[in-house]
Amino acid sequence: MNWKRYTALLLPGLLLAGCYTAPQRPLESVGQRQPAPVSSEPDSAAVVTPAEERGIQITAYEPAPAIPLTPLHSRAVGALLTTALEQERTDDLNGAVGTIERALRIEPRNAHLWYRLAGLRLIQGRHLLAADLANKSLTLAGGDVALKRDSWQLIARARRAAGDVSGANVAERKARMLQ
Amino acid sequence: MAKTPRKRTQSSAKRKTTTGTRGRRTTGRSRRGSGRARRWIARLLALGFLFSLVLGAYLIYLDHTVRVKFEGKRWAVPARVYGRPLELYPGAPVTPDQLVAELRRMGYQQVPYPKLAASWSRNAGRFLIRARDFRFWDSQEPGRFLDIRFADEQIERLAEVSGGELALVRLEAPEIGSIYPAHNEDRVLVQRQELPDPLVQALIVMEDRTFYQHHGVDPRAIARAIWANLRAGGVVQGGSTLTQQLVKNFYLTRERSLWRKLNEAAMALLLEAHYDKEDILGAYANEIYLGQDGGRAIHGFGLASHFYFNRSLQELDLSQLALLVAQVRGPSYYDPRRHPQRARERRDLVLRVMQEQGVITAKQATAAQRRPLGVQQKGDGRGSYPAFIDLVRRQLHRDYREEDLTSEGLRIFTTLDPWAQQQAETAVAARLGTLEKQHGLPGGKLESAAVLVDGESGEVRALVGGRSARYAGFNRALDAVRPIGSLVKPVVYLAALQQSDRYNLVTRLDDGPLSIAGREGERWVPENYDRSSHGQVPLHLALAKSYNLATVRLGMDLGLGTVADLLERLGISRPVNRVPAMLLGSLSLSPLEVAQLYQTFAAGGFYSPLRAIRGVQSSSGQPLQRYPLTVRQAVDAAPVYLLNRNLQEVVRSGTGRGLARYLDSSLNIAGKTGTTDELRDSWFAGFSGDKVAVVWVGRDDNKPAGLTGAAGALQVWGDMMRRMHPLPLSLLRPDAVETVWIDPGSGFRADEGCADALQYPFIAGSAPTVTAACAGQPGTSIRRLFRSFFE
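Protein sequence lines correspond, in order, to chains X and V.
The letter at position 101 of the first sequence is residue 101 when you use this note's numbering, and the numbering goes up by one with no holes.
The letter at position 41 of the second sequence is residue 41 when you use this note's numbering, and the numbering goes up by one with no holes.
These are computed hints drawn from the structure, not numbers from a lab.
Beta carbons are placed, not taken as given, at the ideal position from N, Cα and C, and that holds for glycine.
A few of these clues could be false.
So the derived list for chain V, only partly shown, Cβ under 10 Å to chain X, looks like this [stated by the list, open to error]:
#1 R84
#2 P90
#3 L158
#4 A159
#5 S619
From just these sequences and the hints, can you work out the full model?
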C-alpha cells in the first residue's frame, strides 16, 4: 500500500471521527452510528507524518496493517447493542450491563462498547467504576474525537458525582479542547 | 422390661413360704391356682400394654423420621458448574473442528439429518444443528434449528432453518462439573413428570410389578423370593418393593439384618400411608444408587444419564433407558464400562421382560436390543476440570458458605473455554515428555502449570494444575508459589519508564559488576546468566537480553520501595520482601498471580481482577449474583506501551526468540522468560492480541529441573499458544507517545539521514535532545525509511 492511498484512507477517518481498533477480521458493514467510516490506522494518525508512518507500518511494532473494511460494529455486536438499548429503556440496567459485557467479549477493543458500559455504570451510581471504564474507552478511541470528547464528559460527570470537583474540572477542560 | 415382673414373682413366693402354714397351703391350692392364672393374665396384659406402648412410641418415632426427611429438603443438590457458552456469529473465531468438539462435549449426536433436540449433521462446511434450549443467567436461549456455513475455517453465514439470517447465537453453556460435598454424593434432580414413560415401565416390570397395588410391602413377592432363595441355596431374588428399596437407600444403613428388614418394612408401610405413589416414585428415581466414579457416588437417574451417556434423561432412547434400569440391581456388577457383556445381557433382559409384560412391542424390543450400549467414555464433560473447579470453588467461598454450594442446586456460570483447556492440557503433557527426552532428564519428574487468561477482560479461559490435568491433586496453577526470577524485571523497567524525565528506552544502563551490602554486612554479588558483564547497554536491550546487573542497578537507583509499590498497584497482594534480590525475582508467586500481573500489561495498564465466574443463579433460575467486568487504571497507558514494545523485542530478538519455532513472527507476541537459581524454576509469561498465558515448569521436590525459562516453559507456552490460533498483538500507541529517530550507537537523536538510525517510541518530551553527528545530512537510501525500533 503506498502512502498516498494511506493518507487518503486516513483523512475521512479523521474527519468522520471514526472508529475503534479492529477486530482482527474483516466484517460485513452494517453501520451503527453514521455511515461506517473506513479507517485503516485508528491511532495516532494526527501526530505523525506519512513518511514516518510508512516506516512504522512495515515494522511489526505498530498497529497491524490496514484492514480493508472495518465497520463500526460487527452485526453481532450491533444486535447486542440493540438489545442493551431495549433493556436500558425498560430499566433492566443489570441486563444491559450483561449484554454489553457479552458484546465486549466479541469485540474487546471496541471503544464505543466501553463507553456504553461506563454510561450504564454511571446511571447505576457506580461513579468510580464509570470513570475507569470511560478511561478505557479513551485509550481505545484512537482517532474518534467525538467519542473521546464524550468519554471526557462522562469522566467529568462521574468525578463530580463522586465529589472530586477539581478532577471533574480537568476532565471538562479536556472535553472542551476536543470540541 | 421383662426382668422386673420375674423378680417380683420370686420375692412374693419367698414371703409365702416363710409366713404360710401347711393347712392353709393345701386349702389355698386351688384358689391360688386360679389367682395365679389371673395374675399371669394381668401381667401379660401389662406386658402387652407396655410392649405396645413402646412399639407405638417407636412407630411414632419412625413415622416422624419418615416424614421429616421426606417432606424436608430431601437431597443436597450440588451446584452445577458451566463453562462459557460458544458464541456463533459471522466472522467468529470458531473453526469447524472446534464446533464439532463442542457439540460432542455437550452430548449432541451426529445424525444424517437432525430431527431431535441435541443432534446435528454436517455436509462439508455446512452444519445443521438442533440446539437445546438453555436458561442463561440473563435470559432464556430458545432451542433453535440452526444452519451454519463455514468458509475458510470461519463462520460465513448463520441462519435458522426455515427462518431468516441470525446475527448471533450462543449455544448452551457446556456443563463442566459440580461442587458436591465431602461425602461425595453428586446428583441431578429430576421431577416425577420428567421421567420418561419407558423408564418407569421398565422399573416396574423389573423391580416391583405390583407397585401400584401394594401398600409398601408385597407379601407374595417376599414369599416368592424366599422360595426361590431356598431352592437356590442362596440369595438370588429379592422381594423388596420399590418403596422398600427407597427406604433402604434413603433412611437406613447398608447393614443386612432381620431388625433392619423389619424397620424397612415398617417404614415402607408408613411412607405409603402418607404419600402417594407418584411422590414415592419420584423420590426413588432421584435416590437410587446407580454407579461410582472414583470417590463420587452416582445417585439417581438424572445424574446417571449424564454419567453414562453425557445426555439428559429426556434425550435417551429405549435401549439407553433399559440400560439404566439394568444398573439398579448392581451398578458395579453390571458396570457397562467395565463389564459391557454383562451389562448388555441385563439390558436385553430388561427389554425382553418389557415386551413380555406388554409395555413395548416385539419390534421395539428387537430394535432396541440391536443398538450398541452407547456409553460415553469417562472424561468428557463433568469432572474433568479439577484445577479450574478448584479455582471456582475458592472464588465462590468469598460469597457463599460451603453448604450452600453443595446443597442448594446453584447454577454457576464460569469463564472456562473447554476447547482452550483441551489444547493447554495436550501441550503441557506432550511437551514435558519431549523436554525430558531432549535434555536427558529423569522421566516423569517434571511438573508444570499453565494459566490462560483473556487479555482485555481478565477472564480465566483455561487452567492446568499439573501434568496429569484430569486428576485432582496439587493444583500448581494456584498453589505452586515459586520464585518468579526474571518475570519480575518488566515491573522494574516499567517503574523506570514511568519516570520519563529520567528514563526512556534508550537510556544507557551500566551492566558492570556490582556488589551490594546487606543489612548485616554480608555482600550480595549478583551475576549475569552468561557470567559476563556487558558494559553500557541501552535500557531496552538490558530487558530484552535479561541482564541482571543492569537491572539490579536500575532497581536500586529507583528504590526497592518504588518497585514494590508498583507490584502492589499491579494487583499483587502478597507481601513483598523488600530486599535487593527481589529485583531478580526472589519474590515467589503462583502462576495465577503472574497471569494477573501480565494481564495488566496486556490491557494497557488497566487492572481487572482475574475472574473465573460470570454469574450465579438459583436452582429455580433466579439470578443471585453477578461477577461483572471491572477495570481500574493502575498505570498510565504510555509507559505500559513502551514496556510492551520492549517485551515484543524480547520475543523478536531477546531471550524469548525461541518462540519463532512455534508462532509466526507476524503475531508480534510480547513475553518474558524467567529462570531461578540452579534452574529450579522455568517460567514464561506473555501475550498475543487476545490471550495472556503463563507457564511454569519445575519439580515438586524443588530440586533443579535443569531447564532455563527459554528451554522449558517457553516451549510449552509456544506449543500451547500455537494450538489456539492467537490473534496478532497490535499495540495501540497512546497519544502521549511519539516516535523519534535515534542513532543506536550513541543513543542520540538522529534523522532518517543517519545510516543506522532507528525509530523508537518515547513519551512526548522525553526523547534525547542531543543530536547525533550524522543528523542533518541528506538521506541517501530509501531503505532507511523502513527501519524502526528493534527491527
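Hints, one by one, checked against the model:
1. Look at R84/V: its Cβ gets to within about 8 Å of chain X, closer than 10 Å, so that hint holds up.
2. Taken as an interface hint, P90/V checks out: its beta carbon lies about 7 Å from the nearest beta carbon of chain X, inside 10 Å.
3. Satisfaction of the interface hint for L158/V is found here, the shortest Cβ-Cβ separation to chain X being roughly 9 Å, below the 10 Å cut-off.
4. Contact between A159/V and chain X, as hinted, is not supported at the beta carbon level, the nearest pair being about 12 Å apart and thus beyond 10 Å.
5. Interface hint at S619/V: violated, since its Cβ lies 20 Å from the closest Cβ of chain X, which is beyond the 10 Å cut-off.
Violated hints, listed in ascending order, are 4 and 5; each of the other numbered hints is respected by the structure.
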